[in-house]
Amino acid sequence: MPVIIEIADANAKQADFDKIFSHFEYVDGKFNVFKPSSEISLINGGKIPEREYSSDMRKIFSLAEQTKLETNGYFDIVTPNGSYDPSGIVKGWAIYNASKLLDADGFKDYYVYAGGDIQTSGKNKSGGPWKVGIQNPFDQKQVVKTVLLSGEGIATSGSYVRGNHVYNPKEKNKTIKEIVSLTVIGPNVYEADRFATAAFAMESDGIKFIENLKGFEGYMIDEKGIATLTSGFENYVEQH
Amino acid sequence: MILFTFYALYAHGYALILVQPGKTDNGLIVSPSFPGGDATSLTATPPSTPASTSTPTSDASASVGGQTPTPGSGQYKDGTYKGDSVDAYYGLVQVQAVIQSGQIADVQFLSYPNDRQNSVRISAYATPILTQEAIQAQSANVDIVSGATLTSQAFQQSLASALAQAKN
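Chains A and E are the protein sequences, given in the same order. If you're matching positions, the first sequence starts at 1 in the working numbering and goes up one per residue. If you're matching positions, the second sequence starts at 241 in the working numbering and goes up one per residue.
Hint data in this document are derived by calculation from the structure and do not stem from the laboratory. One or more of the hints may lead you astray.
Think about it this way: if two alpha-carbon atoms lie no more than 30 angstroms apart in a straight line, the pair counts; the simulated DSS-like pairs of lysine-lysine are [as the list claims (entries may be wrong)]:
1) K317(E) to K214(A)
2) K35(A) to K47(A)
3) K13(A) to K30(A)
4) K141(A) to K125(A)
5) K322(E) to K68(A)
6) K13(A) to K100(A)
7) K19(A) to K322(E)
8) K177(A) to K125(A)
9) K100(A) to K30(A)
With these hints in hand, go ahead and build the complete structure from the sequences.
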């Protein structure tokens with residue numbers, strides 16, 4: 001998973017970036033379901049009993065359970081084949097923790113990006129809010145919307161033209177087709193990520209879920225290239 | 241311009257529909273749909289006075305729990321009110337309205353046709369009309385891009401297939 005950090009502070013040193021990259025390496029080593037040696041892979045392989053889960057693993061399971069309740073079950077880390085895949089919550093949690101590390105070191109103007117989700121803080125090097133583009137789900141080289149963020153988190157959940165990696169936990173055999181991406185802006189990237197994941201599983205109803213969620217805005221794109229915006233989304237959009 | 245507002249109680253949903261002459265189909269909104277079951281229109285009850293504002297939530301005049309709100313004011317008494325249990329042909333529908341600060345904060349189903357025994361609470365609260373637009377490529381003069389990254393998924397799929405071959 002690509003990780004990009006930009007600190008708009010001339011005092012930032014290589015060591016400051018390395019600290020954040022190390023954090024992501026730690027998270028990857030523990031939660032990457034594609035790494036056979038990760039704790040989550042060992043758990044899925046039945047090699048670690050629940051009483052021996054690490055404290056960060058317990059934390060993620062607990063946050064996942066809370067999110068499942070808050071989204072009426074639409075967020076669920078249990079996959080159709082019964083194994084655990086917490087990536088829908090780990091990504092936002094990891095980025096959020098990384099941002100806390102930067103805050104603790106006194107940095108005010110930065111963003112932390114990992115796997116398409118971003119935590120922003122303060123201003124970019126031009127002195128304005130961070131300009132975040134929303135990717136065209138049909139052409140990853142294009143941006144279809146630009147939002148201005150300064151402290152908010154943004155997360156995009158999506159499916160792919162060649163195959164789906166997000167499924168609807170309510171109908172485990174059905175793949176998501178009506179919508180191809182759902183971007184959520186929230187008070188921080190952890191919140192944006194978990195609700196983007198759940199809302200995407202609700203298909204076209206997902207944007208209504210975000211609309212009814214206080215403090216969050218969303219931009220949903222359907223398979224025909226039609227976007228639906230929550231009523232406050234325009235407040236974030238760069239005006240020309 | 242005259243705004244017509246009417247309420248229809250569906251077999252599994254409560255929908256607030258705001259229709260403006262000349263507005264396209266995108267101007268119609270319906271409540272989130274349930275898994276299973278189609279909407280069956282039961283009754284369409286026009287209000288006694290036409291809406292005078294364009295905000296869908298400000299003139300909800302469905303009477304719930306015997307409490308009749310002040311007509312036209314959009315104000316309600318705070319509290320939770322159970323509606324009548326209504327025969328929707330396919331089963332019974334009963335809703336409960338939650339009023340906070342004088343406004344409808346939530347509408348919940350207490351029962352709906354074919355309801356399965358589960359603790360999932362599905363909100364029947366109709367949302368305001370959401371704007372839609374065709375997506376358009378814009379100048380990519382941005383600091384960073386948010387998206388469901390295709391590259392990392394392709395990487396993961398490729399790695400998974402390699403590892404599958406590597407298994408003993």
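Against the structure, the hints come out as follows:
no.: 1; hint: K317(E) to K214(A); result: holds, 22 angstroms
no.: 2; hint: K35(A) to K47(A); result: holds, 14 angstroms
no.: 3; hint: K13(A) to K30(A); result: holds, 27 angstroms
no.: 4; hint: K141(A) to K125(A); result: holds, 23 angstroms
no.: 5; hint: K322(E) to K68(A); result: holds, 27 angstroms
no.: 6; hint: K13(A) to K100(A); result: holds, 17 angstroms
no.: 7; hint: K19(A) to K322(E); result: violated, 55 angstroms
no.: 8; hint: K177(A) to K125(A); result: violated, 39 angstroms
no.: 9; hint: K100(A) to K30(A); result: holds, 20 angstroms
Checked against the numbered hints above, the structure violates hints 7, 8; every other hint is satisfied.
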